[in-house]
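Following the hints, complete the assembly by docking chain B onto the known chain A.
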Amino acid sequence: MIDFLNAFVLFSNFVLVPGIAYGAQLALGALGITLLYSILRFANFAHGDLMAFGTMAVILFTWLFQSWGISFGPLPTALLALPFGIAITAILVLLTDRFVYRHYREIKAVPIRMVMASVGVMFLMNGLVRFIIGPNDQNFMDGERFIIKARAFKNATGLNEGLALKSSQALTIIVAIILVSALFWFLNRTRTGKSMRAFSDNEDLALLSGISPQKVVTVTWIIAAALATVAGVLYGLDKSFKPFTYFQLLLPMFAAAIVGGVGHPVGAILGGFVVAFSEVTVTYAYKKLFTYLLPADYAPEGLLQLLSTDYKFAVSFIILVVVLLVRPTGLLKGKVI
Amino acid sequence: MSNALRAMTGFGIIGILLIGVGMFQSWNVALAIFNLCLISGVMALGVNIQWGYAGLFNVGIMGFAAVGGVAAMLTSQPIIYSAWQAGGTGILVSLVMVLILAAAMIFLSRKMRAGWAKNIVMVALAVGGYITIRNVFDPAVLAIESDNPAKSGYLGGLGLPILFSWLIGGVFAAGVAWIIGKIALGLRSDYLAIATLGISEILIAMMKNEDWLTRGVKNVTGLERPVPYELSLQESPRFISWVEWFNSSSLSGLSDDARAERLRQLVVEGSSIFVKLCYSGLFLSVLLIVLALCVLALASPWGRMVRAIRDNEISAAAMGKNVTRRHLQIFVLGSAVVGIAGAMLTTLDGQFTPSTYQPLRYTFLIWVMVIVGGSGNNLGSVLGAFIIWFVWIEAEPAGNWLMENGTAWLGDDSGLRAHLVDSAQHMRLMILGLVMLLVMRYSPGGILPERTRQN
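Protein sequences, first through last, are from chains A and B.
Residue numbering for the first sequence follows our numbering, starting at 1 and increasing by one per position.
Residue numbering for the second sequence follows our numbering, starting at 1001 and increasing by one per position.
Extracted from the complex, chain A is given alone in its bound form:
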C-alpha cells in the first residue's frame, strides 16, 4: 500500500503536475492560433515569436518595477507587469495587421500567402526580440517559489517520495482557468463575441447583417496577443525565457490546435493537454515507478524511457501525423468558434 502511494506521488510529481501546467500553457497558445485561424483563416506561424515578444515586454516591465522597488508580495512581479506587456504586444500585432495582413485580406489572397507573410513576420519579431533582449536565457521569477516543498511533503506524510508544487504551476492553472472562462463568456454572451462567431461561421452573411469586419479582426488580434503573452509569461515563469525555445513551441501549439480540430476553442484546450501529456509521459523514465509497483524480483533494469527528452518535439509531430492520417478534422469537428 505504501509502495502504491509512493508510486502515485512520484507519478504526480514528475508527470501529472508538470503535465497539467504545461498543458495549460500550450492550450492558451493553441487557443490564440485557433481563434486567428477561424477569423482570419490562416495558420499564424508568428505565434511562437509573438509569445516571445509578449514575454519580453513583460520581463522589461518587471525589471522596471523591480528597479522601482515595487513587488507583488509572494506572487511574481511579472503578474503586475502583465497588463502593460499585453498592451505593448497588442499594439505590435495591430501594427503588423495594418501593414502586413490587411493588404492580403483586401486583395483576397490565397491563405498560403498569409501564412507566408506570417513567416516573414515571425523572423521580424524573432530579430526584434533578439535585438532588444538578446538570445540568452532570462529568469524573471521572483516571489515565493514553492507552495509545497518536496521535503515538507515527505515530513508531513512520512512517504519516501516528495510532491513539490511550484507556485508557477499553481499560478498557471489558476490564470488559465480564469482566462479561458472569461474568453468563453466573451464569445458566448457579449455582442462582440457573438459577432466574432458569426463572422467565423459565414463571412458574407455577417457582413450583410452589419458586422464590421475590421472591428472583428481587431478584437481577435487583441485577444490573441493577450493569450500569447499570458501563455508565454506562464511558460517563462515555470521554466525560463529563451527566444529559441519559444520559436520551438510553435510545433506543439500547432499540433494542439489541429488535434482538437482547427477553429474549435474547446478542441484547442483539449489538444493542449493531449500534446502536453503525451510529451511528458513518453519522455519520462519509468524505472523508479515500476520499482515501486512491481514485486522486488521483477524490478526493471533499464530506464524504461520510451523516448529521450531530446525528441520531445517528435512527440507533437507524431501526434500531428497520426491525426492527419486518421482524422484530419481533429477530435472535435468544426470550424466555427
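Calculated directly from the structure, the hints in this document are not laboratory data.
Just so you know, not all the hints are guaranteed correct.
[Claimed, not checked] A few chain A residues that face chain B, going by a derived Cβ cut-off under 8 Å, partial list only: (1) 43; (2) 115; (3) 130; (4) 308.
All C-beta atoms, glycine included, are put in the ideal place defined by N, C-alpha and C.
Then chain B, alone, in the frame of chain A:
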C-alpha cells in the same frame, strides 16, 4: 525593362561586385562568396520548383539540406568494420523489423473495418512493436557507440567517391519528401507548411542525437574531397611552374632571393584559389544542368499543367488532372534538388556538423532569395540567390561598422552603445524579414517576374 535586360543587369552587377571584392579584399573571399552563391542558387531552384511552379509552401528546407549533408557524409566516409561487427547486425535486424511493422500496420489499416477493434489492434501493434524493436536496437547502438568512441563510434559510410553523394543526397531528400507529402498533401494547404516545419526540426534533432549514424554533436570532420588538397598542390612542381608562368611578368626583374620568396607566397595563395576554382567549376555545372532542366520542364506541357493547377486547382481538377498526385511529384522533385544542394554544401565544408543547421540560414534565407529573385522564374531565383547571399555576407561587417560609428556619439562607456553593438548581428534577421515582407507586398513578382504568355 524586359526580363532579359534585367537579368543581364542583375548578374552583371553581381559580377562587378564580386570582382570588386576580389580586387579590394581578396580573390579567396570573392571565390568563397561565389561558391556559396552557386550552391544557394541550386537550393533556390529547388524551392522555386515547389513554390513557383505549384504554390507549395515548404518551411523545412533546412531539414532537406541536412539530409543531403548526411548523405554526403555517409557516402564518402570509409566503412568502419569493427563497428559493423559490434552492432551492425542489430541495426539491420531492427531496420527490417521497422519495415515489417510498418507493412503490417498499413496492411491491417486497409483490411480492418473502422471501429474500436481496429484502433486497439493498431495501438497495441505500434506499442508492442516499438518496445520489441528498442530491445534489439538499443544494445546494438550501445555496442557501436562504445567502439573507439574518441575517433569513430559510428558505423562509418560506404567509402564511395563524394561526388556520387550529390545524387544520393537528392534521393534521400526525395524519400523524406515523399513520406511527408503523402501525409500532408491533399489536406488543407497550411498543413504541409506545419508538417515540413516539424520534420526539419526532428531531422536535425536526430542528427544531433543518433551518434551511431552521424556521430552527433561530435561531428564528422575531414570528409573526402573531389578536388586536390592545397598542400599537395604546393608541393607539385607542375603547379609551381604554372604559377611561375602565370605571374612571369610580376616575377621578372626581382633578385633571386626575393623572387623565390615571392614565388612561394604566390604558390600558397594560388593553391587555395585553384581549389576554390575547381569547386566553382563543379558547382557551376550542377547549377547549369539543374537550371536547364527546370527551364525545359517549365516550358513543356507538364510545366503548363502544373501552372494551371497552381492558378486554379478546381478547374485543373475538372480537366482531369490529378492535383494531389502532381503536388506530390513537384514536392519530391523540389526537395531532391534541395538535397543535392545540401550535399554540395557539406562537400564544400569538408565536414558534417549538425549543430550548424539553423532555420534562419537554411530555410528563411533561401525563401528570401526566391521571393526577391522572382518566384516562378527559374533564372530569377538564381539571381535572387546571388544577390541575397552577397548581401548576407557583406551585411555583417557593414552592419557592425554602421553600429560602431552610428552610436559613437553615445560615448564609449555607454551601456546602450555596448548593447547595440553586441546586437548588431540580430539586425540582419530583422532587415531580411522586412525585405521579404516589402517585396511580397509591393513587388510580388520579384526582380525577374514570371513571364506569362497571353494569347
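Hints and how they fare:
no. : hint : verdict
1   : 43   : holds, 4 Å
2   : 115  : holds, 5 Å
3   : 130  : holds, 4 Å
4   : 308  : holds, 7 Å
Violation of the numbered hints given earlier is absent; every hint is satisfied by the structure.
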